[in-house]
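Using the numbering used here, the first residue of the sequence shown is number 1, and each one after it goes up by one.
Hints in this document: simulated from the structure, not taken from any laboratory. Check before you lean on any hint, since a few could be wrong.
As the list claims (entries may be wrong) - Pairs of lysine to aspartate or glutamate, DMTMM-like flavour, derived with a Cα cap of 25 Å:
(1) K366 / E195
(2) K27 / E328
(3) K366 / D387
Said to hold, decoys possible - Pair ranges (Cβ atoms, derived):
(4) R154 / N233: 13 to 23 Å
(5) L172 / R305: 34 to 44 Å
(6) G286 / A365: 43 to 53 Å
(7) L171 / Q301: 17 to 27 Å
(8) P77 / A365: 30 to 40 Å
(9) E195 / S250: 32 to 42 Å
(10) P77 / R371: 19 to 29 Å
(11) P77 / A246: 25 to 35 Å
(12) A246 / P136: 55 to 65 Å
(13) R249 / R371: 49 to 59 Å
(14) S135 / P392: 37 to 47 Å
(15) A246 / E195: 42 to 52 Å
Just so you know, even glycine gets a beta-carbon here, dropped at the ideal spot from N, CA and C.
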Amino acid sequence: MEYDIVVIGGGVTGAGVARDAALRGLKVALVERGAAGGGTTAASTHLIHGGVRYLLYDRLTTHATCWDSGHIVRTAPGLLTRLPIVWPVYAGHMRGLETVETLFEQYDRFQPMKYGRPHLRLTAEAALRVVPGLSPQGLRGALVFDEWWVDAERLASETLDSARAAGALTLLDSPVTAILKEGGCVAGVTAGGRELRGKMTINAAGPWIDKISSMAGVRMPLRLMKGTHLIYNDKALTPVGLLLEAEDRSRYVFVVPSTLGTWVGPTDLPGPDDPDRATPSSEEIGYLTRSVKRYFKDWPQQHDRTIVGSRPILGQPGAEKLLSRDFEVFDHEARDGVAGLLTIGGGKMSDYRAMAEAAVNAACAKIGADRPCRTHLLTLDGQPVGDIPDWPHPSPRLKRFLRTRPHLRELHALAYLGAGLAGHAARRVAGLSPAGDESDFKRRYA
Numbered sequence: 001m002e003y004d005i006v007v008i009g010g011g012v013t014g015a016g017v018a019r020d021a022a023l024r025g026l027k028v029a030l031v032e033r034g035a036a037g038g039g040t041t042a043a044s045t046h047l048i049h050g051g052v053r054y055l056l057y058d059r060l061t062t063h064a065t066c067w068d069s070g071h072i073v074r075t076a077p078g079l080l081t082r083l084p085i086v087w088p089v090y091a092g093h094m095r096g097l098e099t100v101e102t103l104f105e106q107y108d109r110f111q112p113m114k115y116g117r118p119h120l121r122l123t124a125e126a127a128l129r130v131v132p133g134l135s136p137q138g139l140r141g142a143l144v145f146d147e148w149w150v151d152a153e154r155l156a157s158e159t160l161d162s163a164r165a166a167g168a169l170t171l172l173d174s175p176v177t178a179i180l181k182e183g184g185c186v187a188g189v190t191a192g193g194r195e196l197r198g199k200m201t202i203n204a205a206g207p208w209i210d211k212i213s214s215m216a217g218v219r220m221p222l223r224l225m226k227g228t229h230l231i232y233n234d235k236a237l238t239p240v241g242l243l244l245e246a247e248d249r250s251r252y253v254f255v256v257p258s259t260l261g262t263w264v265g266p267t268d269l270p271g272p273d274d275p276d277r278a279t280p281s282s283e284e285i286g287y288l289t290r291s292v293k294r295y296f297k298d299w300p301q302q303h304d305r306t307i308v309g310s311r312p313i314l315g316q317p318g319a320e321k322l323l324s325r326d327f328e329v330f331d332h333e334a335r336d337g338v339a340g341l342l343t344i345g346g347g348k349m350s351d352y353r354a355m356a357e358a359a360v361n362a363a364c365a366k367i368g369a370d371r372p373c374r375t376h377l378l379t380l381d382g383q384p385v386g387d388i389p390d391w392p393h394p395s396p397r398l399k400r401f402l403r404t405r406p407h408l409r410e411l412h413a414l415a416y417l418g419a420g421l422a423g424h425a426a427r428r429v430a431g432l433s434p435a436g437d438e439s440d441f442k443r444r445y446a
């Protein structure tokens, strides 16, 4: 049997590709070397978020991610929980309270796309009541925003279930051992001792995409970044999520309480070329521990376990913050002269559905299948999602232009931030941006 599309990778992105293609009525097979969502997906921070920090240097990615996160909220509501996150600001922090609030005023424009709420500013006294145990020394105040916590492994597995319900074949514990080629064209894979032939093969193997593409004789221009989390079994070390400036003042770390425990992280460091060799270093563990303990005098002395994952990011060596969090579909026929193979790289869990749509659109164009995407129209269990708000989508043309011009991308973001600072200052002078107290927080998140 020949499939229309063979998908390599059963993380959330590969699962999304299989579901998208199957819902279009295509014949689909997916192979995954381990369990569904057992790699990078499992090692993520488990947040569907727009990336408020990206507003400092990559505004369009924040816009696009918030836009597609709304589709995830509509299609998988049972897997998501709203999580209020507090960003405390102290004297000596690299960004002051007014700058941080300006970021959130910008973010508020995108929050409705993913059913987020406007930010809330707290006085220092209110912040200490909302987050008991937080150090009062030098605290200037805090900003509260919300994101969505997601059971990431279930998101991957239930997306695969949806793909199977639409007719896809999914083979877990089936590592790819060879890429099938005919006349120089990729014709499928050998995985788990089986040959699966396909008109198009989509490489969605996450940090292993270069390993897979090299089997077809092509290499990928991606960098692997390693992220480590500390996990504490206590699920209630803090009543809310936190975004904390790290000890080196150059990064931020999340503190995320959930049913899986309290997670602290991630780090974001260049990883080994082989993601299977990624391990938490003692330096990373110390960095995360010190970064959270500087805010809490009674924080536990010892974490219970660690988890590490690698992710492929578009970009070249240099300024790490300018590495794109966007994604790209690579056409190996146009790029390398190898027909029959596409690779999806970059991106985040928050836009996995958009990544899948882009990959399947490219595959459909190759095989002459004029079938529209339906993943935004149906929940994972096959029910119609109802009305879909008509939010403006970021300009694809501008995204393409800025993707290869990271410094212009940063200038674009800073121009908006500068204008926002001026507006914020005017509102503060006019008394139109007052700080709230814990009662405002409780009314919003009770």
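Provide an ascending list of the numbers of those earlier hints which the structure does not satisfy.
When the structure is compared with the hints, numbers 3, 5, 7, 9, 12 turn out to be violated.
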